[in-house]
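K.L.:
Given the coordinates of chain D, work out where chains Y and W should sit on it, guided by the hints.
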Amino acid sequence: MLTQKLRRNPGRVRAVFYAVLVHVVVIGLIVIGFRWTSQTTSDQKVIQAVAVPQTPPRKPEAPKQPTPDEEQARQKAEAEKRQQAELKKKQEEQQRLEVAHKKKAAEEKAQKQKEQEQKRAAEVARQQEQKRQQKQAEQSLKQQVEAEEKASQDAARAARAATVVDQYKALIRQRVTHSWSRPLGSTKGLKCVVRVRLTPSGEVLGATVVRSSGNPVFDRSVENAVYKAEPLPLPNDPTLFDNFREIDFIFDPDKDKEANT
Amino acid sequence: MIRAAAKWLAMIGMLWAANVHAALTIEITRGVETGTPIAIVPFSWEGAVKPAQNVSDVVGADLTRSGRFAVLPSKDYVSQPHEDKDVVFKDWRILKAEALVIGSVRLVAPGKYQVQFRLYDVFKESQLAGFRYTVGPELLRSVAHQISDIIYQKLTGEPGAFNTRIAYVTLEEPVHARPVYKLQVADSDGFNPQTVVRSTEPLLSPAWSPDGNRLAYVSFEDKRSKVYIQNVADGRRELIAQFAGINSAPAWSPDGKRLALTLSRDGNAEIYVMRLDTRELRRLTHDPAIDTEAAWSPDGHDIIFTSDRAGSPQIYRMSASGGSAERLTFDDDYNARASYAPDGKSIVFVTRQQGNFRIAVMPLNGGPMQVLTDTSLDESPSFAPNGRMIIYATEVRGRGVLASVSADGRVRQLFKFEEGDVREPAWSPYNRDLQYKE
Amino acid sequence: MKNTKHLAASLLLVLALAGCAGEQATKPGAAEEKGGAAAQTAPATEQGAGGAALSEQERMKAQRQAELLAQKRVHFAFDSSAIDDEARAIIEAHAAHLVANPSINVQLEGNCDERGTREYNLALGERRAQAVEKMMKVLGVAGNRIKTVSYGEEKPLCQEHNESCWRQNRRVEIVYK
Chain D
1 MLTQKLRRNP GRVRAVFYAV LVHVVVIGLI VIGFRWTSQT TSDQKVIQAV
51 AVPQTPPRKP EAPKQPTPDE EQARQKAEAE KRQQAELKKK QEEQQRLEVA
101 HKKKAAEEKA QKQKEQEQKR AAEVARQQEQ KRQQKQAEQS LKQQVEAEEK
151 ASQDAARAAR AATVVDQYKA LIRQRVTHSW SRPLGSTKGL KCVVRVRLTP
201 SGEVLGATVV RSSGNPVFDR SVENAVYKAE PLPLPNDPTL FDNFREIDFI
251 FDPDKDKEAN T
Chain Y
1 MIRAAAKWLA MIGMLWAANV HAALTIEITR GVETGTPIAI VPFSWEGAVK
51 PAQNVSDVVG ADLTRSGRFA VLPSKDYVSQ PHEDKDVVFK DWRILKAEAL
101 VIGSVRLVAP GKYQVQFRLY DVFKESQLAG FRYTVGPELL RSVAHQISDI
151 IYQKLTGEPG AFNTRIAYVT LEEPVHARPV YKLQVADSDG FNPQTVVRST
201 EPLLSPAWSP DGNRLAYVSF EDKRSKVYIQ NVADGRRELI AQFAGINSAP
251 AWSPDGKRLA LTLSRDGNAE IYVMRLDTRE LRRLTHDPAI DTEAAWSPDG
301 HDIIFTSDRA GSPQIYRMSA SGGSAERLTF DDDYNARASY APDGKSIVFV
351 TRQQGNFRIA VMPLNGGPMQ VLTDTSLDES PSFAPNGRMI IYATEVRGRG
401 VLASVSADGR VRQLFKFEEG DVREPAWSPY NRDLQYKE
Chain W
1 MKNTKHLAAS LLLVLALAGC AGEQATKPGA AEEKGGAAAQ TAPATEQGAG
51 GAALSEQERM KAQRQAELLA QKRVHFAFDS SAIDDEARAI IEAHAAHLVA
101 NPSINVQLEG NCDERGTREY NLALGERRAQ AVEKMMKVLG VAGNRIKTVS
151 YGEEKPLCQE HNESCWRQNR RVEIVYK
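Protein chains in written order, with the numbering used here: chain D, 1 to 261; chain Y, 1 to 438; chain W, 1 to 177.
Incorrect hints may have been included.
Stated by the list, open to error - To give a feel for the contact side, a few chain Y residues facing chain W, derived at Cβ under 8 Å:
(1) SER312
(2) ALA336
(3) VAL350
Source of the hints: derived by calculation from the structure; they are not laboratory data.
C-beta atoms are modelled at their ideal positions from N, C-alpha and C, and glycine is treated no differently.
Bound conformation, chain D alone (with noise of 0.2 Å):
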């Protein structure tokens, strides 16, 4: 009945056919722009942060920023020199050490003759005169004696540089630790160990963790502990300056005598 009803009127079948084609169309697009909406909508909600990496290194400043193959030649190169002075110095440190060892063993020896012929004199002289005797005896004594103080004196000094040192090193762990912001929070287990080379005036010329802690939180704080303390405290005497070349700082909080949690 339809059909023979829509074969007669073609005209009403193509309105129809539009009719629905068009509300086919509105209806698709009240739904596209409501899930354009909701999704808009959504996205607005949440406010993303946009990240701003760091800039990189700025030209002008050459020394600062080299490329890496120039950083590693120049890296190199400066290691390699650094290397032979201290080759150097260390060969000239032994020259010195040797010269003075000579020296010493001639003094010694010359001392030894010396005392000697001293105790032949005093002996011939005995024979002559007591008082002669007597005052032989007495340079002989007084000579022996200043020849003790001198062996002494070298001894004493050996001794107060190595005092030099250990007092150094206190002023250095005291500095160190009074730099080191410890994290708060449990630091039970954590011990971490940084190589340091110094110059003769206390600058670091370079850390580096040779034994990290795990975590990296307290390996930073100790890094940053020790350029903190920078200048550190070293003994005037640059004889001296070869016990503080190069430091390994042990940070074990751990073994603190007082006890924390």
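P.N.:
This is chains Y and W only, laid out in the frame that chain D set:
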């Protein structure tokens, strides 16, 4: 001659040996505990009218309050950079600052602020973080708190909890007038308190929904206990439970779809779970004892609760679908109001030691309980979403106040409030209006 | 019956005011003054033939009943809902009163002291109220006349942090409706 040579050889030998490894080792066992020194340069401002919030001040206050940082005073700063190109690290090394924060706030359109910040490691001279936000004025404080969270996380390795809120109940008892109870919500620093519910009858047990948008609570406004859920932003609320007897202790499941409740409709206090979409109730406990104070595990599988089925209140755990319960606490004769840490590995609760009610934590792997406070009327502990801080209610000089204690018990702080008695704190989940990606 | 009810009500009010200092003390003096009227609140069986010459024993009993009825609270030990002898006597008096006056209903309000957690105390307060309810039912009061509600630690009578205040707060209030 030979002796001299021997001495000489020995010297050389010693020197040689000394040069193979470091000449000196120094052991450091202590440091100073004033916190990591950090410099925060007051952010620059560009625009006609200055915003009400000073972003860098809020960040400084957050970091100071955490107890982990020593914020260096800006009057000592040699330079005040606002952009990366102006940073001279030497200026900060001489101040012994380990970290540096710079930033700017610009009005880029009416009602639109652009906030940018950068965090640097001073001695390594490298940037640790940097972000830019574009927000309306109402979110400026949130941005500041999130910046604090990012800085905190980068420098301590732990997530911060600054971009959060706290809910709590206050009671004022004016002379010759009815008492006033208020359920309030404030920023985690106590700023900007908003009253969500106001009543002349008691309000208890506020509980945040996992999405931070709603609060469930108990109200006696109809002269008996009933449970409501209220939307924090617009105040719309629904009555959830008004069965005969007690309706109390609401606790949201981690997916936000169910609420655990304590109801005594079947004769005595038992734990039920209600599906919020259908309001269908499921009873979980079947014991003549008091069963109450349910809390869900973060994975939604278990529920811990308080029961006195063994004679006195203790903490028990059962599956979230009910069934047999396993007792968790055995020390002391009173353990109640337990809730999980966000990582699900431990619980915090109230314990009574020789008559003193204190806050305790206990790992769920069988380890011992650790008591965190030493006062005597502590209650309602609630974990911050970073699992590092616990907020609780206590009494100071006869007045109810809120306090926080770090999860390891080392740092304790009091919150400051105006007059009145404060109780029932609940720490919200992280605010979700801002996000950042590493 | 209505007159008796009004008289009883005003009498109770007077006696309640007399005991209002927060103590459970009974005031024998006041009770004695109203002794004659009080005798009328005693169970009907006691009234016998016009109450002209009640025996001393009966008068004492009636007086005691009035004193007990004047108590609107029963107290409990910490973390307990057990009814002690003192509480029992009070509850018995009220139960008897309710049985004798079938048109009045009662609400039992359970309370706790401030110690312990609020939610647990809400349940504990209810348990106390239910304990009193159970006893009243055993003594003949119909269940549908008794309502229980718990306020936990939310409605304290006093705020001090000591045992004497705590004991006051651990209570069930008997409220006639």
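K.L.:
Taking the numbered hints from earlier one at a time, note which ones the structure violates and give those numbers from smallest to largest.
P.N.:
none
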